[in-house]
Amino acid sequence: MLDIKLLRDNPDLIRQALGKRGADPALVEAAMEADTRRRALLKETEASKNQLNVVSKEIGKLRQSGVDTAAQQASMRALGDQIAALDEKVRGVDLELRQAMLRIPNMPHDSLPVGKDAADNVVARAWGSVREFSFTPRGHVELGESLGLFDFTRATKMTGAGFPLYVGAGARLERALINFMLDLHCREQGYLEMSTPFVVNTASMIGTGQLPKMAEDMYHVNADDLWLIPTAEVPVTNYYRDEVLTGPLPVKLTAYTPCFRREAGAAGRETRGLIRVHQFDKVEMVKFADPATSYQELETLVADAEAVLQRLGLPYRVLSLCTGDISFAAAKCYDIELWAPGQKAWLEVSSCSNFESFQARRANIRYRRADGKTDFLHTLNGSGVALARLVVAILENYQEADGSITLPEALVPYMDGLRKIERRP
RNA sequence: GGAAGGGUGGCUGAGUGGACGAUAGCAUCGGUCUUGAAAACCGACGCGCCGCAAGGCGCCGUGGGUUCGAAUCCCACCCCUUCCGCCA
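Mapping the first sequence onto numbering that gives the first Met the number 0, position 283 (from 1) lands on 282, and the numbers just tick up by one.
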């Protein structure tokens, strides 16, 4: 959520910023109009309430001295009814304003490349070299199914399309990757590990910005009005909702969770394999930062995610997302993409964003400044990294001519010393 | 799921219809004293909103209700504690 004061004082700045994103400028007009109406209405309501308060006090005094106050009481009863009607109006306008404000996306940072869509993203850097194969590299579906690492057919029987089922060494690889990444973030990069609920309430979803806009993309548990998390960002960021942080910043947290996404707008796309699924595992990193240093924190956050891929020896590139492609709540965002030889495509496995005070304002997360005042802090998060696609990249990059997989050195201790996944006779 | 008790400012904890946005203590900040510190003493000290300001409105878990007037009375819900039941 943007600062309402900025909307009043400098709406052009917001219009401009939203224009760069390609967002609907009508959102700003709707919010401004509701705000103006709200303030006029408040003036009227508060004057009436003041009168009621003053006269009620007088009635109390008069009655103590034995004076009959029936007339005043009757007129205050009438005024009370008027106030109730005014309050009703204020509530309506408040709701309008809030709904409008919740739907205005964050303003992109000045450093972003200006652009319309994903085609205008800029490659900030690349790491590693793409492997030359002496044979035609296979895709992960063929590799994994022939090695018995996953079983899409039975997963569909259990649940439906898009829910992966890992078996044997495949399941073990999933667990190994999670442990490897958590160990890296916690032991070497200074993050505190958390294990969170996988289901959250509506207030949490609004706090991080998934609701109200993305309701269609979330799994909702009707009986209890709870939501399956689409990312650990939601529980981890909401850890500090409605709190004032008094300790040193940044606070760095990390958590493994499964992520649930309905992918409502993507039905029929990439239905086969692990590239687009309704449930995947992910290790997420979250930072609560001082506004003065949040952009430095973003750079180290990306570096922390890159370290995962460097240890695994996987070639990747870092994209600086353009103004037209960053997500709703982000002010700046880097995507990290892995090369998948079988797909002949770059796969997004991490998205590292600075939300500035956008989430903090929604979730009411503040810190104590040097001058003693409280203010909204900056939140950041990044995948460190997302599974399923990471598994795709490992299988496709480390495949051998005979269809076996040579595991990267860093994973060997996490696989009980297993160096090669081979077809079992 | 059932029963009982409880939810008040950063913390502890008073307050059962009008002078209460709230007594007191602790904590914090400023000052006096001191070589410095501690102690003592003096003072300041919740948040949000509207307003140029003066000032006003709102906030005692949340939402309703009663009343001229609600932290206080009534209803519903949420959360916490204890006990019982069930349970991986």
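Calculated from the structure, these hints are not laboratory results. Just so you know, these numbers come straight off a predicted model, no measurement behind them. By construction, the Cβ of each residue, glycine as well, lies at the ideal position given by its N, Cα and C atoms. There's no promise every hint is true.
[Stated by the list, open to error] 25 Å max Cα-Cα, derived BS3-like pairs, lysine-lysine:
| hint | residue 1 | residue 2 |
| --- | --- | --- |
| 1 | K19 | K212 |
| 2 | K19 | K42 |
| 3 | K4 | K419 |
| 4 | K88 | K42 |
[Unchecked claim] Here are the computed distance ranges between Cβ atoms for each label pair:
| hint | residue 1 | residue 2 | range |
| --- | --- | --- | --- |
| 5 | N221 | S64 | 54 to 64 Å |
| 6 | I3 | V166 | 48 to 58 Å |
| 7 | R423 | S133 | 35 to 45 Å |
| 8 | F134 | A344 | 17 to 27 Å |
| 9 | D8 | A69 | 46 to 56 Å |
| 10 | D182 | E131 | 26 to 36 Å |
| 11 | T135 | R423 | 15 to 25 Å |
Results for each hint:
For the hint linking K19 to K212, the alpha-carbon distance of about 20 Å falls within 25 Å, and the restraint holds. Between K19 and K42 the alpha-carbon distance is near 36 Å, which puts this suggested pair outside the 25 Å criterion. About 60 Å separates the Cα atoms of K4 and K419, which puts this hinted pair outside 25 Å; it is violated. About 13 Å separates the Cα atoms of K88 and K42, which keeps this hinted pair within 25 Å; it holds.
Distance hint for N221 and S64: a CB-CB separation of about 59 Å, consistent with the stated range 54 to 64 Å. About 53 Å separates the C-beta atoms of I3 and V166, a value consistent with the hinted range of 48 to 58 Å. Hint check: R423 to S133, Cβ distance near 25 Å, so the stated range 35 to 45 Å is violated. Between F134 and A344 the Cβ separation comes to about 19 Å, which falls inside the hinted range of 17 to 27 Å.
Restraint check, D8 to A69: a C-beta distance of roughly 50 Å satisfies the suggested window 46 to 56 Å. Checked against the given bound of 26 to 36 Å, the beta carbons of D182 and E131, roughly 32 Å apart, stay inside it. The supplied range of 15 to 25 Å is met by T135 and R423, whose beta-carbon atoms lie about 24 Å from each other.
Violation of the numbered hints given earlier is confined to hints 2, 3 and 7; the remaining hints are satisfied by the structure.
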